[in-house]
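Enquirer: Below, each chain spelled out in residue letters.
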Amino acid sequence: MLDLPTHTSGLEGVLVMPKSTELRNAMTVLLAVSMLAGPLALGPTVFVHRASAATPFQTLAPQDPSLPTAVGDVGPLPTAIPTLYPGQSFEEADAGRPTVDQTAMEGDLQFGFQRLAENPDLYMVWMTDEARTHYMIVRADSDVLTGGLDPESGFLFLVRERDRVHGEILTTVTNRDTYKSSARDFRWGAVGSLVVAGILAFVAPPAAVVFIGIAGGAFWAGRGQDTNAEIQQNTLEALQRQLVDYQGDLRQGFLIGQAMESTP
Amino acid sequence: MEAARSTTYRLLMLLLIILIWFGLGNAAFSFAIGKVVGGAIEFAVSLALIALAVEGRVVRLLEGRRLNSLSLLVFAVAALVLVFDGVESLRFNETSLLGEVYLPGIITIVRAAGEFVLASVLIWEVGRLALSKA
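Residue numbers (our numbering), protein chains in the order written: chain A, 1 to 264; chain B, 1 to 134.
Incorrect hints may appear among the rest.
Said to hold, decoys possible - Computed from the model, here is a short list of chain A residues facing chain B with C-beta under 10 Å: (1) 139; (2) 173; (3) 185; (4) 210; (5) 214; (6) 248; (7) 251; (8) 260.
As the list claims (entries may be wrong) - From the derived model, a few chain A residues whose C-beta atoms are all more than 10 Å from chain B: (9) 27; (10) 149; (11) 150; (12) 170; (13) 177; (14) 180; (15) 183; (16) 184; (17) 190; (18) 192; (19) 198; (20) 201; (21) 202; (22) 205; (23) 212; (24) 242.
To be clear, the hints were calculated from the coordinates, so they are not data collected in a lab. The beta-carbon is built from N, C-alpha and C at its ideal position, and this holds for glycine as well.
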C-alpha cells in the first residue's frame, strides 16, 4: 500500500510530509545526529578564535581613566570587630582586649570579672601577679567563674569574698588608728603634765606632785588604748593573710582555667 | 648665774618645742585618718603652745629661777615617755595599705623620727645640767 501525501488544513501547500515511513524515520535520525555532531565538528573552528581562547578571562581596562565611576565614591571602610571566644587570653597592653567597665565589673582592677557587652554569654576574668594583670575570656558556665563542683574556688565566690575582706581591712585599720590616735593624745598629755610638773618643781614643789600624778594617769590610759590598737592589729594581720590566700586561689584558678580552656 | 639662766631658757624652749611637735604630729595623723574634729582640737592646742613660745613671757618669767633636782628628774621622765611613744608607734611596714601609699603611716615615721631627735637633745641638756649641779 502506497502512502498518500497528507494535507493539513492550516499548512496546506507548505508542509508536505514524506510518503514513505522508512524515509521519514531516516530523516528524523539524520536530523538528531546532525544536531549533536554539527557543533562538535564545526564549533571550535567557526565560533571560537584559538588565540582568544588561550587568554584568561579579564575585564577590559577603561579607555578613558578619568571617566567617573557610575556608583560614586566609596564610603569609609567599617572597622573590623574582633571575634571573642572562650579561652582567649589577653595581656594588659593588648589592643584587642575588651575594656574593663568599672561600673559593670565585680572586684577591682587587680582581681575581678565582668560580663562582656559584646557577647552576654561570655565573661572576662582577670588577675594580677607580680608582673602584670592577665585577662581571659570564659563562658558564663565556665568552672573558672562558677568553680564547678567546688563553688568556693570560682571567681564568683573568691572575688566577692576578697571584696568583703577588703572592706573589713579598711574598717579594722580605721579602728586601730583611732585607738593609736587616742593613745598618742594621752601620751601628749602625759609629757605636757610632766613639763608643767618640772616647772612647778622649782616654782611651787608641792603642786608638782599633782601634775606628776596626772601624767601617770594619762600614761596608763594611753597604754590601755595601745592594747586596743594591738588587738585591732592582730585582727588586721589575720585579714591580710586571708586576703593573700584568696588572691593565691584566684591566681591558681585563672592558670588552671587557662590551661583547660586552651586544650582542644 | 647668767649661764644657769641661759640653760634654763634653752631647756624650757626645748620642752615647748617638744610639746608643739607632739601636738602637730597628732593633728596631722588625725586629719590623715579622717578625724577632723580631733585634729582641729590638737592643732588649736599646738597653735596656743606656739603662741606661748613666740610671745616668750612665761619662759622669761621662769628663766631667772634655778632648776632643782626634782625638775631634772621629771624632765628626764618626759624624755623617756617621748622615746617610748616613738618606739611604740614606729612601724615601717605601714607605709602602704592594699597596694597604695598610706599617709598616716608616713606621718607616724616622720613624727617618731622627730621625737627621737628631740628626746636625745632633752636627755643631753638634762644630763649637762645634772652634771653641772653635781
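Enquirer: The structure should be examined with respect to each hint, and the outcome stated for every one.
Expert: Quick rundown of the hints versus the structure:
For residue 139 (chain A), the interface hint is violated, the least distance from its beta-carbon to any beta-carbon of chain B being 30 Å, above 10 Å. A distance limit of 10 Å between C-beta atoms decides the matter here; for residue 173 (chain A) the minimum to chain B is near 6 Å, and the interface restraint holds. Interface restraint check for residue 185 (chain A): the shortest CB-CB distance to chain B comes to about 6 Å, inside 10 Å, so the restraint holds. For residue 210 (chain A), the interface hint is violated, since its Cβ never comes within 10 Å of a Cβ in chain B; the closest pair sits about 12 Å apart.
The beta carbon of residue 214 (chain A) comes no nearer than 12 Å to any beta carbon in chain B, farther than 10 Å, and the hint placing it at the interface is violated. Interface hint status for residue 248 (chain A): violated, as the beta-carbon distance to the closest one in chain B is roughly 16 Å, over 10 Å. Annotation: residue 251 (chain A) was flagged as interfacial toward chain B, and the flag is violated, the nearest CB pair being 15 Å apart, outside 10 Å. Of the supplied interface hints, the one on residue 260 (chain A) is violated, with its beta-carbon coming no nearer than about 29 Å to a beta-carbon of chain B, more than 10 Å.
For residue 27 (chain A), the requirement that its beta carbon stay farther than 10 Å from each beta carbon of chain B is met, with the minimum near 102 Å. Listed as a non-interface residue, residue 149 (chain A) keeps its Cβ farther than 10 Å from every Cβ of chain B; the least gap is roughly 32 Å. Even its closest Cβ contact with chain B, about 27 Å, leaves residue 150 (chain A) beyond 10 Å, as expected for a residue assigned away from the interface. Distance to chain B contradicts residue 170 (chain A) as a non-interface residue, since its nearest Cβ pair spans about 8 Å, not more than 10 Å.
For residue 177 (chain A), the non-interface assignment is contradicted: its Cβ lies about 4 Å from the closest Cβ of chain B, within the 10 Å cut-off. A cut-off of 10 Å between C-beta atoms contradicts the statement that residue 180 (chain A) is not in contact with chain B; the least separation is 7 Å. With a least beta-carbon separation of about 8 Å from chain B, residue 183 (chain A) fails to lie farther than 10 Å from that chain, contradicting its non-interface assignment. Look at residue 184 (chain A): its CB is around 5 Å from the nearest CB on chain B, not clear of 10 Å, so calling it non-interface is violated.
With a cut of 10 Å on Cβ distances, residue 190 (chain A) falls inside the contact zone with chain B, its closest approach being about 5 Å. Residue placement check: residue 192 (chain A) does not keep its beta carbon more than 10 Å from all beta carbons of chain B (closest about 6 Å). Against chain B, the non-interface label of residue 198 (chain A) is violated: not every CB pair exceeds 10 Å, the least being about 4 Å. The Cβ of residue 201 (chain A) sits about 4 Å from the closest Cβ of chain B, inside the 10 Å cut-off, so the non-interface label is violated.
In this structure residue 202 (chain A) is not separated from chain B by more than 10 Å, as the shortest Cβ-Cβ distance comes to only about 5 Å. Consistency note on residue 205 (chain A): stated as away from chain B, yet its beta-carbon is not over 10 Å from all of that chain's, at 6 Å minimum. Listed as outside the interface, residue 212 (chain A) is inconsistent with that label: its C-beta sits roughly 7 Å from the nearest C-beta of chain B, within the 10 Å cut-off. Every Cβ of chain B is farther than 10 Å from the Cβ of residue 242 (chain A); the closest lies at roughly 13 Å, confirming the non-interface assignment.
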